[in-house]
Each structure stands twice: as structure tokens, then as C-alpha cells.
Amino acid sequence: MKLFWFETYKIFSRWRTYISFGFIALIVIMTEVVMKLSAHEILYRMMRSFQKDFLIFGNVLNGWFITAFIMNSLHIHIPFFITLVAGDIVSNEATSGTVRLLLIRPPSRSKIITAKYLTTLFYTTGLVIFLGLICITLGLLLFGNGDLIMNYQTKFRLVFIPEAEVPLRMLLAFTAAVWSMTVVASLAFLFSTLAENSIGPIIGTMAVVIVFLVVGNFPFDFFRMLSPYLFTTYMVFWQRFLDDPIPWQEIAKSAVILGLHNIGLFLIAFIVFNRKDITS
Amino acid sequence: MAGVLFLISTGWIQAQEDASRYLDLIEKKYSALKDYVVDVNVHFDIEALKAPDLQAELYYKAPDKMKVDSKRIFFFPQEGGYFNPSLFKKKAFDVRLVEHLIYDGRKAVKLKLTPMDTNTYDKSFVLTIDTDRNLIREIKISPSEGREVKAALDYGRFGDFELPTHIDLQLDIPSGEPTGMKEFTQFGQKTKRITGKVEITYSNYRINVGLSDDIFREKGLKKPE
Amino acid sequence: MEAYSNKEVVLRTHGLSKKFGKRWAAKDLNLEVYRGDVFCFLGPNGAGKSTTIRMILTLLTPSAGSIKIFGMDLHKHRRAVLSRVCGIVEKPDFYLYLSAYKNLEILGSMTRRVQKEEIMEALQAVGLTSRAFEKVKTFSHGMKQRLGIAQALLTKPQLIILDEPTTGLDPQGMKEVRGLIKELASERGMTIFLSSHLLSEVEQVATRMAVINRGELIAQGFVSELLDKEPVEYSIQVSSLNPAVELLKKLPWVEVLSAEDGKIELRVEPGHASELNRFLVSNHIEVLSFYPHRTLEDFFLKITKGTSEI
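Residue numbers (the numbering used here), protein chains in the order written: chain A, 1277 to 1556; chain B, 351 to 575; chain C, 9 to 318.
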């Protein structure tokens, strides 16, 4: 635990860590202010296909709707902020030379790498929760409360979630979002263990995420075949908590697959770090 | 030959006048209905719309004002969801008698209403009218873009008026699914259709309460200018 | 020196080897460091000094051999061993975005719980008290070096391993570090294992030493003993040059290298240094000055045959 707190202290002592939080706050604030100013137009465009057959009354564009809307872009900007820290947490020790002081201490390499990994997960969790808190708080302030309408753009489908159910579902959705982002963190962490500078892991992780996202969404049979093997396919499983009925089996499957990714990636990093010769 | 044609045309004109008569009777029956307020409960049974039962208050003022007041988000069918006796003005439609039938054990007629001016109104209707009680029992609406809505109405007596207690809507509409990347490989695929049912229950009618025009300012989401 | 047979061996390597690809960076090293030693590890650039130190500090995994510290196998009892050891490999690098105090707190606490007073004491010992709460990125190289020693002292280790500790320091800084090394050994009873390429520095601080070249151990022992095994060059000034030269040429254990301006340069076989002066005096040659040129540098260059690069 002591090692974990030291690693956490080190991470949060760097101003760079706060860039991520700052940018997330900026993105959320800008998005919500723009949406407030263009609320009517946005909502009309989103609900256009349904409005041909239904009249829609009430506060559709409420804080929960805005939160869900922003969360849909979670897998685009959050991975980058995660890699800034996760891709640096091990490699930076080599870059700065502190690895020579760190690894000659009594705690084993296993403990050190585990502490660093837990810190990475802690940071990832904090980042996603921060996103959630700021989305929800600002969203409810600007747009008020209400039922949540989920419009699945790729299907003609609308799901209505009563206001009383929304907080719990959002909590579950964010938990799932945290879980999906931990895979990105684990990947960046692994790259960080393999490299001796931070640039490689950051770029490498983002490249993998982007390529997987693109490949997984290509509408060709070959890429559809690959899609189940790409972790990015399961990264949006948090959306299932905002569906009706909640597909628990599908959620469990996605969670397990992502969990296996985490375990595998961490194990590789663990083994590499334990066997690594420190020559720098 | 001319005589035959004359007889046929006068017979046809006679039939048109008969068809319009049924609408006249309905119009007369509800001529004293100026407005009403009613509690509405909407139940959705549509694959594409997952929602619990929704409740609201519906305001109607003759001839064509409608508003829904709900504490929560509320969906309401665009067509056939509420009772508007002023909708079927014979002057606006070409009314044809389709057939005589027995509906729910009573004598009824089926009328086809085709709009005279499609620029102002683009929907056609097939009405099934209970001729004993002068009540519209079924409305089949065929608006543009391949949409079909069929409404079945049940009535109750509220004061001097028979007003719907229950409207069952059957929807058969195109999905409007965006032809995005997901469907890229499926050229020439037929547009998916969404079918389902909406059950609307009305209760606690308050009739001719003297509603002001001011309360009908907003009507759900509007297209931005 | 006979007392050493009773002394505890603090560090012992047996057959210690490390291979990188096809190249042996260290091969079959058998080192012994006794308690209280200031043990110096010498070798040309690329000889394998850093590789050896890194293996001892578990930064590298040996390809073969064993390391025992305090009688315990290093890899089996890593935690117990390293809690009594501290080291600096190359230049000490710290978390630049943290203060000196915080760096010591974090690094020290990885060995044992350290109190604030201990941290301040360690900083005081190296003259950094006034900069305790400033970020290390504001420190000069010399200050970082001192901070490195502070972190080495903080947990009161019994064995300190230093890899070229005076690198980059000015003469004053070097003197301070040398003084500190001597103090740690003599007054605090610590055992010091250090590598250096500054032979004059080693000569001043080391009690025992080992020389490595191309990954292989070529000499190990007390500094004085190792040097005593080699012929020593002397520079003597005499009142009568020519008679002195004639006399000296008769001695089989003396080689006259040069003689001019009243000064004679000569090489004397080991074990005869004390005889030389007696010989001259007994033959009525007045000796005005008598300087040995016995240096570690000569010894080092000779046994490494002047190799500076692998």
C-alpha cells in the first residue's frame, strides 16, 4: 500500500496530470454551453426521425441526456489523457534515471510494478469519474433533471429511462466506462514497460486504439470477422446499461473479455519488468 | 347512351352526397363541443420505442388546437392519438363511400377521404363510422412516405358527449434507419419497417371548460427556423 | 592484515558472470569485501565495473555465478539483504518535480519507516538543509551528488555501493566526498564498495581493491600489498652524483634510469626500498632527497597494459 501511495503522490505531483483533468473540464463545459445555446436545434436534429410519427414533450435535453451524449465520445478523448500518464509511469523512471534508485530498494520488482499498475488504474478511474461528475453536475445545473431518452443513431430505436432509475443506471454505466478505459490504461502501461521513453507508449497506444476502432467499424465482411477479437468492440458496453431491458449477459461477456485483456496485458508487463536488465 | 351516362353520373353524385352525410351527422353531433381537458395514459408496444406507460394531460380546443402537459417526457402519436371531430370537414376532402358493413355488431359504413388540396393536407383517411350512434370507430391514416396508422376507438358518455375512452393505434412505418457505414454492403435492401401498437386511455374528461388560446402556444419540438 | 582472516566477509561473489549477446561483460568474478573495507573497483572504460555493480544491486540478472551479502544469497533473500545495502549507480537521479525532502522520504521509506528528523539529519550531513524543500530540478550537479549520498546514508546501511561517486564534481566537491567516504568507514563502521577511474582518489581512500579488465578480474587485494609486489621508481638527490651512480650500478636489484643535475632516477625491485637508503649512507653518499614514484597509476597501467577501451 505504501508503494501505491508513493506512486499516486508522484503522479499527482506533476502538473501534467492536471492537464488531463483541465482539458476534460474544458471539453465538457464548452460542449454543454454550446448545447445550451443550440439546444433546440440539436434536439430537433437528434429526434428528427422520431418526430415524423411522434410528438415529443417535456425536458428531453436534460442533464442526464447531455451526460450520455458526452459519454458517447468517451472512447475518443479519454484514451489520450489516460496514455499521458499510463504510458509514462514506467518509462519515465528510465528516462529520468530514477529507475536505478528505485529498483535497488528492498521491495521486489513485482511489488513495484504492481503498485504502479494499481496507480494507473486509480488514475484512470479518477479521470472517468471526474468526467462523470462534471458532466452530471454541470448538466443538471444547466439543463435540469428529467427522464433519459437514449437515441441509438445506428438503429431506429429510442429508449426511455424513468428519472428515478437514471442515477443508478448512470452509476453502472460509469463503472462500465471505467472498466473499458482500464484496458487502454493497461495497454499503455505495457508499452511503458517495454520502452525507455514516454513518446513511444503514448503514440503506440493511441495508434492501436484508433486502428482498432476504425477496423472494427468497417462494414466489410472481413473486418466484421475481426471485430469480436478487438477490445475496442467491447469498450462501449457501458451503453448497455442505458438500454431496456438491460442485456446482462452481453454486459457480462464484454466485462469478462475486457477483464481478460487487462489480466493478459498486466501479466506481460509484469514478466517483462521482472526480467528486464537495467542498463540505462 | 347519353341517358345511361346521365343516370350513372347522377347516381354517382347521389352516392357522394350520401357519403358526406355521415360526416355531417358527426359534425352536428359534436358541434357543441368547444374544448376538453382529459387525463391520458399511453402504453407503447413497439420494438423501436422502449418506454414505460406515460401520463399527461391533454388539452383540446375546436377546431384544431391541441396541447399536452406533462411533468415528464411524453411521447404522443402524431396521427390518430386524440379525438378531433373537426378534422374531417367534408369541404377539405373528396369523400367516397367504400362499403356498408357490420362493425362490432352495429351497422357501419366505410368512407374514403382523399384531400382536395395535397399542398395543405397530404393525408388520406379511411373511416369506419358506426351509423347507429354516429361515432367514428376506426380511422386508417395513410400519410406520405409509406406510413400507415390505424386507430380503433372505444367511447364512453361524458355529459352530453360520447368521447373516446380508449384509442388503439397500430403503426406500420418505415424505420428511417440511417444508411450509414453499417449498411454499406447491403445495396438495394428494402427499408426496414417498424410495427407496433400504442394504447391510449382517456379518463377524467372536463368538457367545455373555456380554454384560452394562450395555453396552446407550444406543441412539442418544432423545426428550428 | 592477518586480522582479516577473522573479519566478516560482507560481500562475496563466486563465478559472477554476465553476457550480453555474445560478449562477456563480466566473467567469473570472485570478489571478497570485508567489513570496514573501503573497497575500490578499478578498470578501464568498458571493463565491466558498472555491470558488476549493477548485478550486485539487482539491476542486472547474472548469467552465471552467485552473490552473497552478509552471508545471505542475494536473490533468495533480496529484501533482507537490500534493507542493509544502499547504492548510487552512475549519477544519482531523483524525481526532479519533488523536493529533496520528499525524494528522501519516498526512497528512504521503501527500506524502513524514516522519521522527519532522520531525513533532516541526512540532509544536514551533506549540507543541504537550507534546500530541503526546494524541488530537485533547481539543484546543481554537485548538490544532486550530495543528495545521493544523503539518500544512501538515510537508512543507515551497512554496505554502501558507489559507482564513480565523484564524477562531475569540482575539486572541492571531490575532496568532500573522499572525506565522507573515509568517515563512513572509519567512524560509522560502514563498508564501502566503490568504483572509480580516478586512481589518485582511490589511492587516497581505498584499503582494498580489485582490478577488472575486459570483464575479468586481474588483481585483488590490499592496495599496499598489490603495490609492494611491483618495482618502485625513485628519484634521489645526492651530493656526489657520479660516485653514487657507480655504486648503485653494482646492486643487482637496482636499475639506474637516468642521472643528471645531481638527481638520479632509478627502479628498485620490491622489498628493497629500505635497503637503498642504508646502502648509500653506509658508502658515504650524502642523500639530499629521496622520493618514491610508486603510484597506483603505474601499477594500473602496467597490469591493464594501457588498455583504455574494450
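Hint data in this document are derived by calculation from the structure and do not stem from the laboratory.
Certain hints may be false.
[Claimed, not checked] Under the rule of at most 27 Å between Cα atoms (straight-line distance), these lysine-lysine pairs were calculated in the BS3-like manner:
#: 1; chain 1: A; residue 1: 1552; chain 2: C; residue 2: 190
#: 2; chain 1: C; residue 1: 145; chain 2: A; residue 2: 1278
#: 3; chain 1: C; residue 1: 124; chain 2: C; residue 2: 84
#: 4; chain 1: A; residue 1: 1387; chain 2: C; residue 2: 124
#: 5; chain 1: A; residue 1: 1278; chain 2: B; residue 2: 500
#: 6; chain 1: A; residue 1: 1312; chain 2: A; residue 2: 1387
#: 7; chain 1: A; residue 1: 1278; chain 2: C; residue 2: 257
#: 8; chain 1: B; residue 1: 415; chain 2: B; residue 2: 457
#: 9; chain 1: A; residue 1: 1387; chain 2: A; residue 2: 1529
#: 10; chain 1: C; residue 1: 152; chain 2: A; residue 2: 1278
#: 11; chain 1: B; residue 1: 400; chain 2: B; residue 2: 379
#: 12; chain 1: C; residue 1: 271; chain 2: C; residue 2: 257
#: 13; chain 1: B; residue 1: 473; chain 2: A; residue 2: 1312
#: 14; chain 1: B; residue 1: 417; chain 2: A; residue 2: 1312
#: 15; chain 1: A; residue 1: 1312; chain 2: B; residue 2: 547
#: 16; chain 1: C; residue 1: 190; chain 2: C; residue 2: 76
#: 17; chain 1: C; residue 1: 27; chain 2: C; residue 2: 84
#: 18; chain 1: B; residue 1: 378; chain 2: A; residue 2: 1328
#: 19; chain 1: A; residue 1: 1328; chain 2: B; residue 2: 457
#: 20; chain 1: A; residue 1: 1552; chain 2: B; residue 2: 473
#: 21; chain 1: B; residue 1: 500; chain 2: B; residue 2: 457
#: 22; chain 1: B; residue 1: 379; chain 2: A; residue 2: 1328
#: 23; chain 1: C; residue 1: 164; chain 2: C; residue 2: 183
#: 24; chain 1: C; residue 1: 84; chain 2: A; residue 2: 1278
#: 25; chain 1: B; residue 1: 421; chain 2: B; residue 2: 490
#: 26; chain 1: A; residue 1: 1387; chain 2: B; residue 2: 379
Could you check the structure against the hints above and give me the numbers of any it violates, in ascending order? 1, 3, 5, 6, 7, 8, 9, 11, 13, 15, 18, 19, 20, 22, 25 and 26
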